[in-house]
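**Q** Okay, here's what each chain looks like letter by letter:
Number of protein chains: 2
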Amino acid sequence: MAAKLLIAASTDAEMRYATGLAITDQFILLDTGAKRYVLVSSLEYGRAKRALRGKRGFEVVLFDKHYDAIKKARQRKGAKVRKGSVLALIAAAYLKERRIEAVVMPRTALAIHVEQLKCAGITVGLARLYDRSVKTKEEIEEMKKVRDAAVVAMQRCIAIIKGSKIGNKKELVHKGEKVTSEYLRAEARKLLVERECESPEMIISHGTQSAYPHEEGKGAIKAGEPIVMDFFPRSMTTGYWFDMTRTVCKGKPSDALRKQWDAVKEAQDAGLKKVRAGVRTGTIHRAVLDVFARRGYKTTTEEGYIHSTGHGVGLEIHEAPSIHDKGTEVLKAGMVITIEPGLYYRAVGGVRLENTVLVTTTGYKDLTRTERVLQL
Amino acid sequence: MAAKLLIAASTDAEMRYATGLAITDQFILLDTGAKRYVLVSSLEYGRAKRALRGKRGFEVVLFDKHYDAIKKARQRKGAKVRKGSVLALIAAAYLKERRIEAVVMPRTALAIHVEQLKCAGITVGLARLYDRSVKTKEEIEEMKKVRDAAVVAMQRCIAIIKGSKIGNKKELVHKGEKVTSEYLRAEARKLLVERECESPEMIISHGTQSAYPHEEGKGAIKAGEPIVMDFFPRSMTTGYWFDMTRTVCKGKPSDALRKQWDAVKEAQDAGLKKVRAGVRTGTIHRAVLDVFARRGYKTTTEEGYIHSTGHGVGLEIHEAPSIHDKGTEVLKAGMVITIEPGLYYRAVGGVRLENTVLVTTTGYKDLTRTERVLQL
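Residue numbers (the numbering used here), protein chains in the order written: chain A, 3 to 378; chain B, 3 to 378.
Take the hints with a grain of salt, since some may be wrong.
Pairs involving identical chains hold if they fit within one copy or between any two copies, as the list cannot separate such chains.
Claimed, not checked - Derived lysine to aspartate or glutamate pairs resembling DMTMM-like cross-links, with alpha carbons at most 25 Å apart: (1) LYS172 x ASP257; (2) LYS37 x GLU61; (3) LYS220 x GLU200; (4) LYS192 x GLU144; (5) LYS146 x GLU203; (6) LYS220 x ASP27; (7) LYS275 x ASP264; (8) LYS192 x GLU218; (9) LYS224 x GLU196; (10) LYS167 x ASP257; (11) LYS192 x GLU203; (12) LYS300 x GLU268; (13) LYS73 x ASP327; (14) LYS147 x GLU196; (15) LYS57 x GLU144; (16) LYS147 x GLU200; (17) LYS51 x GLU304; (18) LYS220 x GLU143.
Just so you know, the hints here were simulated from the structure itself, not pulled from any lab data.
Model the full assembly from the supplied sequences, consistent with the hints where possible.
**A** Here is the structure:
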């Protein structure tokens, strides 16, 4: 196996995973299998040294010497030195020093980095560098903290909707204030940020908006309409995500909405029942499809069941495995995945229920800890 | 000029800038100069259509037809369909339909996308697609909203430090609670999130920690030590950033700290004085260097003035122009840049003062609206 090379900031999940470092600017990781060399500027050197002290198999390398050499060479040619691109040249110089001629970089590597490395005579292959799909105990503990934040925020929104009065035009009112998507989102975010989680995007859509699965949602929420709340916060300290969705309704739902919700719940249960180490992801998706087909719910390009059943969660909100129709990936114990069927019709609105679960050898452990209830 | 091609989510600044859309998943933009084609899946089609309704020069294209064709072709070969990579194939198919043989992609394009397009016979050049450095009035208004959030958070932290008592071991105490980096950060974040801003990273370092410019900071803050607060929030709704830093001290600073702070203030003023449309960025940096040299502050690899003087701010926290030693970019009216000199010594700690200003034809307009005061 060729050496692995990463040029990225810690926002890149592979970089975070491979180094454990939280660094804002791009830096370099060379993983030879025997050792992981972390190449940083003087700006990060002290911090990186301290963070990796005592961790086996790491070596922190100050790249200022290489940087200066490249800067000088470029100034002679009158070219501008740009940081994003100089890193690839530094990596190339270091690889040559170590007599490494070929590397594998992630498919998400920057095109400019790959191009520059190739120009410098390095052979570059593209592949996934690290399989992060099976989580360690420590990772699951970190994800549970994010779960706790998500659950608190979700419970708070549910409590507000439940405790609100029905005012003019059936609009919900809570403590004298109109209950809007924005209002609930602000409440939820306050609780998340107190728990060191961020959530720039947060779906709280309702009524016809909810018929579009990715619609963020806005405006006054009314009694009787579906309210889809999809929360996916990320820990600002560790970078781990959690993902969960509930669909609720203040007051009595229409028969059509009730039926649609019951179908999604049954489909989610059917999907969850298939979750177990050794199962192909497609099997889970098809269990969901079967329920919808049996209940007579049709899917077109724009309505019905128009997304996949789930995905892995970890240092990325969407990561392997992917649970869709033709999914051939085989579940392993320790994977953390979502099961999130939904039905979307313009006339009724959307319904989605999403739990994040830990795959085990005998089934799964539900991490979501929040009841599924339609009517509040 | 070849057509511009982007395959990215709206978190990519060029994509956000070129389309104005806020879409979580990757999608495709083809900008032929005459028209901007936005290629999305059915999941985003309705939203994208509504968001771009009435905007001239845009056309939203549903790419499901291409996607299905690729999926089928791949299934025949037994390969897995992966979303990140299928987008490049969709783009290639669409380019062929339009008889476009060459495109320019950003240097930050994903390597896998470039590789796949090249395999499909498309010529791909790498370049910056859009020059975002000169801001429109609307952009500046959006940045001012983020500024308002940053200023409120900064003022709150300053007020807490100022209003705190000096307790055991000179540690600051506010309303019975120890004043730590974490405590201030949580307070600041609450105010930011109320204003729809996120700030996953936020420097509140103090004492010897502050000698490392990128140290996030932690633990109990003491009287007499430098406290470096670097706030760079981002609007969750518009994606714009703002950037500002203040260095303060509760109680009397040491003579060394006072001198260091005065030098940084003078250097910042000297830098600001040079800001004007038509000036090369290097001129600004050298004005800062001159002050430090005259005052006898030395710079080594790890101590002194170890970073550049500033950068553009907008849809990225660091964007063009870059204000450093050899900076040859010429300032233009409408650019929004930081001027942020600092001095870092292990024995004293760090001092940094950072203002974000709008470049004008005659000088600059300071957007920062926060006094520079050392002793609180």
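**Q** So, against the hints stated earlier in the document, which numbers end up violated here?
**A** Violated: none.
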